[in-house]
Structures are given as C-alpha cells and as structure tokens.
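Could you put together the complete structure from these sequences and hints?
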Amino acid sequence: MEIKVMANILDKNDQIANTVHDRLTRQGIFVLNLMGSPGSGKTSLLEQTISALKDEIRIAVIEGDLFTSKDAARIEGHGVPVIQINTGGGCHLDADMVQSVIERLELSKLDLIVIENVGNLVCPAEFNIGEDVKVTVLSIAEGEDKPLKYPLIFKQASAVVLNKTDLLPYTSFNMEAAVEDITGLNPQVTLLPVSCRTGEGLTAWYDWLRKQVAAKKQ
Amino acid sequence: MAIAQGILGIALDTAAQNDAAKILRVSLLVGQLTEIEPASLRFCFEALAAGTPADGAQLEVTVIPLTARCRDCGLDFAIENYRFFCPECNSAGIEILSGRELKVEHLEVE
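Here the protein sequences come in this chain order: A and B. Each step along the first sequence adds one to the number in this note's numbering, with nothing skipped, and position 75 is 75. Each step along the second sequence adds one to the number in this note's numbering, with nothing skipped, and position 105 is 105.
Any given hint could turn out to be false.
[To be verified] What the simulated footprint calls covered on chain A by chain B, stretch by stretch (three residues with Cβ under 8 Å from a Cβ of chain B suffice, anywhere in the stretch; the number is not a length):
no., region
1, 116–125
2, 138–151
3, 174–188
4, 197–207
Please keep in mind that the hints were generated in silico from the structure rather than gathered at the bench. Virtual Cβ for every residue (Gly too), placed ideally from N, Cα, C.
Put into structure tokens, the structure is as follows:
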C-alpha cells in the first residue's frame, strides 16, 4: 500500500525555532546565528565585537561546540554572559538545543544574543535556531571556491564576513571571484572584508550590527 | 543524522496512523539547494531504522532542480551555476520556485 505524506522533514525544528524567535522578539533582543568553518575566525570576530561594543550593546553568547568549552572560556574572559552547548558530536545546533538554554540568560537585560554555531559549512545552514539573521564567516585561507561548493550557507546569510584579509598578500585567494560568486548566489548580501588580527574593516561590521540591533528595538 | 531522524519519525508516525506493520520504501523530495548527500543520508537512516518497522526500508531520493521566477519580467527559469539573477533582464529580484524541498513524499507499507 502506498501512502501519500508530503511532510516537511524540518517542520518540527522550524516550529521550535519560531517559538524561540517569538520569545526573544517580545524582549526586543536581536539574535544572530554565526556560522562558518572551523578556524574561519568566528570566535575571534566575537571577541573583537564584544570588546568594541559591550559598553553600548548588552550582549550574551551561546556557544555551540562538539565536545569542548574552549570557545566559551575565551568569551567569558570578556565579561559577558555565555552559555555552552555541547552537541556531543552533532555537527550543528538545532532549535531544541537553543530553546533548552535561553531561559538561563537574564533576557530583560539583553539587546543582542550571538549564537556561535558548530564550525561546519554544511549542516548549520539547514537548521533555523530562532535567529533574526544568519552571518557566515569565510576566511581568506579557505580559498575562494567555497561559496559555490557550499552554496546554501552563503545563500542564507544576511551578511558574509570575509576574515583574515591580512593574509591576502601571502595567498592566491581571488577576491574578485569570491565577491562575484557570493553576490551571484545572494545579490542582497552585505559583504564585509575584515581582519580580526589587524582590526581592518571591523568598523563597517560594527556599524552593520548596530543598525540591526537598533532596528529590532523599534 | 538529524535529518535521517526526522525522516524516520515521520515514516514511523505515518505507518502507525495507517496500522501498517512494515515500511518497505520511503520516497523523498530533495531540492538541489539543500545540503543532502544521499549516500550518507541512507547510511544514517539504515542505522536508525534498525529494529523499527522501517528496518530495511529503501530510501528513494528524487532531486528537484533549482528554478526561479523573475519578479520584474515574469520569466520562469532554471538557475545555473548558482547565479540568482534573471537571465533575461538581469534583475536580482527573483523568487525561488523549487529546489529547497526537504520532504517525505510517500511511503510504501504493508
């Protein structure tokens, strides 16, 4: 016997993600899902961002990691609330994991929650976790071929941060091709070349983030 | 793995609602713009299905091509090389028609 089903496989996750998003929207909190490869500089970008903005924006961080709390320890050093989620080998965060920890944050005292996803260009792109926007970090050392090899994560991003621009003189990274591929995939994207090491380009990233947080407050 | 779990959950629920004892085949619709690798999805599904009514069920994957419609000139077209622009008028104002599916289409049970 054949049974017609037509059920969305990610429906359950999306429903929980909507609940998380509604909960945080009622508090006026802007939620950012930060994605990218291991070593692309997600945690470094976060550290720079917290140092620069923590006096004007009340930030908390949720750290996704396979097994360790190394990134959470780095964030904790900057004096903002941080919650660690260990996925126990799972390659992405899902909405249920985020829902189970958000009430541990003092939501009435926050403007921005950054959720740092597990380092991976594949699975995180498929799972909404209650965010307002997704941001993908791609580092120069990874090569300009990544957007077309992992298109979804670049298509879903509201902003793509091209990190480690200080390495450009030492690599064969083709910036023109990278920009063409990313904007071809995602014509509305905000592209932000930065170096977390030298600080170059970070002002534009802070301005973008400030605007998003302010818009959510209204 | 989480997607295989989602598929198995839907398959087992549907089979139970229809009083089916065994699931023989699960047919999926998978869009071109998804991060699904059929071989690893099958591997995960088989591992999770062991010992359930879906044990040994065949996972059939139909890939749905990426297509879009231009909001400016109304053209329907296939997206090639992940260029999300209208090939006719070069507009970036396009709407995806297909290619993001991740669905259980039907089950074969007994």
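Here is what the structure says about each hint:
Given as covered by chain B, the region 116–125 of chain A passes the check, having 3 residues with a CB less than 8 Å from a CB of that chain where 3 are the minimum. A stretch counts as covered by a chain when three or more of its residues have a beta carbon under 8 Å from one of that chain; for the region 138–151 of chain A and chain B the count is 4, and the coverage holds. Here's how the region 174–188 of chain A fares: 6 of its residues keep a CB closer than 8 Å to some CB of chain B, so the rule of at least three is met and the hint holds. With 0 residues having a beta carbon nearer than 8 Å to a beta carbon of chain B, the region 197–207 of chain A misses the requirement of three or more and the stated coverage is violated.
In the structure shown, a violation is registered for the earlier hint numbered 4 alone.
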